[in-house]
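K.L.:
So you can see what is in the structure, the chains are spelled out below.
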Amino acid sequence: MSFFRDALIALSFLITAYFVLWNVSQMAMGPLAAVILSRHRRRHTRRARRLATGVAVPPLVSIVVPAYNEELTIVESLRAMLALDYTPREVVIVNDGSTDGTLALLQRTFDLVPAPLAFVQPLRSEPVRGIYRSTSEPDLVVVDKENGRCKADAANAGINAASGVLVLVIDADTVLAADALSRAVLPFLEDPVTVAVGGSVAIANGCHIEHGRIVDVALPRSWFARFQVVEYMRSFLLFRLACASQNAVVIISGAFGLFRRDAMIAVGGYDRTAIGEDMDLTIRLQRYFRARREPVRIAFDPNPLAWTQAPEDWQSMRSQRYRWRRGLLQTLWRYRRMIGNPRFGTVGLESLPYVAFFEGLGPLVEGSGYLITIGAAVLGYLNWKYCGMMIGVSVFLGAAVTLLSILMNDLTSRQYMQGRDLALLVAVAILESFGYRQVNSLWGCVGTFQALTGKGGWGSMKRQAFRP
Amino acid sequence: MTRLLAEFARLAPLLVWAAVGTALTMAAAVVVERTAVGLRRALNRRLTQRYRPLIQRALEGDQAARDALLGSPARHRLLLAWLMVEPLIEDRDPERIARTRALAQALSVFQLADRYLRSWFWWRRALALRALGLVQARDHTAQMVAALDDPHPDVRAAALDALTDEHDPAALQAIVVRLHDTSLHRGRRGAVLKAFGSDCEPFLLDWSEVDPDNRLDYIHALAICGTARSRPVLCRWTRDPRVDVRATAFEALAYVGLDDEAARVAVEGLENDEPRVRAMAAYALRGWQGPGDAAARLAPHLDDTWAVAVNAARTLQSMGHAGLVELQARASRQDLSGLLARQMLWQAGAHR
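Chains A and B, in that order, are what the protein sequence lines are.
Letter 124 of the first sequence, counting from 1, is numbered 120 in my numbering, and no numbers are missing.
Position in the second sequence (first residue = 1) + 3 = my numbering.
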């Protein structure tokens, strides 16, 4: 009995130590991220950004947009893409067998007509049913294909049809910043070993959108989406920036990723069996070039280049988190031989071990931590005072990390600068530790169970039209 | 075990206080940063409202506005310099640049720039270089050229931007010499050549003769700024033993434009063993409507490897009647080349 008691208490202390280590490691990313942010702000001046248009032959960028049942947002998003400040570019919409009126709406709005388009298909995808071109927008191509039951399949079809040297793969509900392309192509123009560029993605809920452009940034009205705002900040402005500083990026968000087309084709494009196809592709690119001892750089732009809708209802969010979790674990398992392997440089020795130890184990340790600590207190093995202290450590360190990411966000883009926004963000930093994090951990545990048992599907997100 | 746990329990309150302290420090940092930004923004807004109209009037020749600017405190000079120079990023009107330069001279902005050029901080050196380039301060060309060897890559990039904006022929030789310098941004090397245009051509042709190892870079450069003068040399290089050089020479010919002889060479290039060379030879013929049977020689290449077929199809589309006839002859085929021909015909019809 005494052994059981000691083991329980030791376990609860170990879990606290894990939490402390996790949060301290995130805090340690702050200085790395700050250096990158400061350098980025000083480098990417207005004059420096003019390079994208001043360069002798600007690279053609194909914007590939997989669309499945996106009739609520597709027209607005597409108008914004066609109004981007970068040329030359083309937009390739891939209608992935939508069952709603996506294709009909596109046909009506953009005067689409069937048109021949010849292309080789180096990447596998479901059969293409038809190709349409717009008589009013010469830069628009619509590929209508059989549903492939995954975004990867549609993205591959789009990459096949794309004629650009660079391919930007985005979600259909992504709202791009007007200068997103001219910013994102810069690393390719500056450094020939750049194979991909990821961009920071912010949450569009609550923002005022006109003609597919964010005209006023505001925090979402729902607390649920507000929690996700700080979650995105933590993810994009701490971990990914720290990875970028070490040339060890392991994930480029599916909402915005610009890739060299030849590199994508060399690694076989998106894997149709991958659940987290964006992370899978990023790691595959790193593995491909590093295994061949070829120089490679995957860059990351900390400015919000794209805005995406966050789920505001429990069901959508739950299925999204289950999917993310399954995707993460599947990817870590697939590339387990890279973890700790010096052959893959900073990816093998830094970012992947970090992801595996903290992101991979995190929800399980967090979930069991709450159970064990509270259980030990209930059984009388642990003083309630110490139990409260452990939870306090996790709450305050978590809040500190969130506040650090808010600071980073201020340094990057100066969004949410109203006094009310600050008060709300601080409140979110504190409140997310009381319920939201625990629910997330629970979903993480269920996602892990699904990954281990091979259950679970893609899920669906309740789409909303952009608020004018 | 019990002792270890006791020790851990002793540390727990310390941990809590450390966590609370960290959270409060972070909260304070956010508040301080926001306050500082808010104050700086308010001050900048006030000064901008005061100085922007004065600068505009001074640039239009208003002596009173100029005197008011000259009487402004020295600590405002940086902001004044920014307000003067920033519009020049988009507005490259030579008249405005000259007036801005004269005003900057009067306001001792160049002394400030000189101080920044000697700064230990790279971003100050970069800022000064870009500003000097935007106002075309040709008495600073030597510093800009010297900055191409700065230890910091962003300062080297700023020096290239400055030389691009400054457009001083005196810097041309130094730029061409650094064409292969991979420590300079690739895109910026191209941008500066584009800015100088055909002024670079004589240097490039000279260097390419004496430096055959780097011929590929010179051809790339000629593709950006070459003229008819480069054509015979490029035709000669289409017979270079190196595949890269041959292919790029054809690509450059496409930019430079063809004459009868160059078109003949390009048609010959269609029979080259290397697909890359054939693809670029097809590309070089784009828009050619002169004598010869180029369209008829191109058409069979619709069945070639994909890169060659695409270039051949696009070139046929651009060749007018002769090209369209060849495309129509293949449009009824059900294979990929037939589809390619139909696509080109459709596009030609849609764009007409």
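Among the hints, erroneous ones may be present.
If you want a taste of the chain A side facing chain B, the calculated C-beta under 7 Å gives, among others [stated by the list, open to error]: (1) V51; (2) A114; (3) P216; (4) A373; (5) I387; (6) I402; (7) L403.
Pairs of lysine to any residue residues, derived as SDA-like cross-links and limited to a Cα-Cα distance of at most 25 Å, are as follows [said to hold, decoys possible]: (8) B/K197 / A/P84; (9) A/K381 / A/R314; (10) A/K381 / A/R1; (11) A/K381 / B/L18; (12) A/K451 / A/D267; (13) A/K381 / B/K197; (14) B/K197 / A/Q434; (15) A/K381 / B/E10; (16) A/K451 / A/L427; (17) B/K197 / A/S178; (18) B/K197 / B/D209; (19) A/K381 / B/V148; (20) B/K197 / A/Y82; (21) B/K197 / A/R286; (22) B/K197 / A/G160; (23) B/K197 / A/D267; (24) B/K197 / A/R1; (25) B/K197 / B/R121; (26) A/K381 / B/R13.
No lab work stands behind these hints, which were simulated from the structure alone.
We put the CB at the ideal spot given by N, CA and C, even for glycine.
K.L.:
Now tell me, hint by hint, if it's right for this structure.
P.N.:
Hints versus structure:
1. V51: 5 Å, holds
2. A114: 4 Å, holds
3. P216: At about 20 Å, which exceeds the 7 Å cut-off, the nearest Cβ of chain B leaves the hint on A/P216 violated.
4. A373: 13 Å, violated
5. I387: Violated - the Cβ of A/I387 stays beyond 7 Å from chain B, reaching only about 10 Å at its closest.
6. I402: Nearest chain B Cβ about 6 Å off; hint holds.
7. L403: Holds, about 5 Å.
8. B/K197 / A/P84: 17 Å, holds
9. A/K381 / A/R314: 33 Å, violated
10. A/K381 / A/R1: OK: A/K381 and A/R1 at ~17 Å, within 25 Å.
11. A/K381 / B/L18: Holds, because 13 Å separates the two Cα atoms, which is no more than 25 Å.
12. A/K451 / A/D267: The given pair, whose Cα atoms are some 19 Å apart, holds under the 25 Å limit.
13. A/K381 / B/K197: The given pair, whose Cα atoms are some 71 Å apart, is violated under the 25 Å limit.
14. B/K197 / A/Q434: Violated - the C-alpha atoms of A/Q434 and B/K197 are around 57 Å apart, more than 25 Å.
15. A/K381 / B/E10: 16 Å, holds
16. A/K451 / A/L427: With Cα atoms ~32 Å apart, A/K451 and A/L427 exceed 25 Å; violated.
17. B/K197 / A/S178: Satisfied, since the Cα-Cα distance of roughly 18 Å is no more than 25 Å.
18. B/K197 / B/D209: Within the cut-off at roughly 18 Å; holds.
19. A/K381 / B/V148: Measuring from Cα to Cα gives roughly 68 Å; hence the hint is violated.
20. B/K197 / A/Y82: 18 Å, holds
21. B/K197 / A/R286: Violated, because 34 Å separates the two Cα atoms, which is more than 25 Å.
22. B/K197 / A/G160: 22 Å, holds
23. B/K197 / A/D267: Outside the cut-off at roughly 40 Å; violated.
24. B/K197 / A/R1: With a Cα-Cα distance of about 76 Å, the restraint between B/K197 and A/R1 is violated, given a limit of 25 Å.
25. B/K197 / B/R121: 29 Å, violated
26. A/K381 / B/R13: Holds: A/K381 and B/R13 sit about 12 Å apart, inside 25 Å.
The structure fails to meet hints 3, 4, 5, 9, 13, 14, 16, 19, 21, 23, 24 and 25 from the earlier list, while all remaining hints are met.
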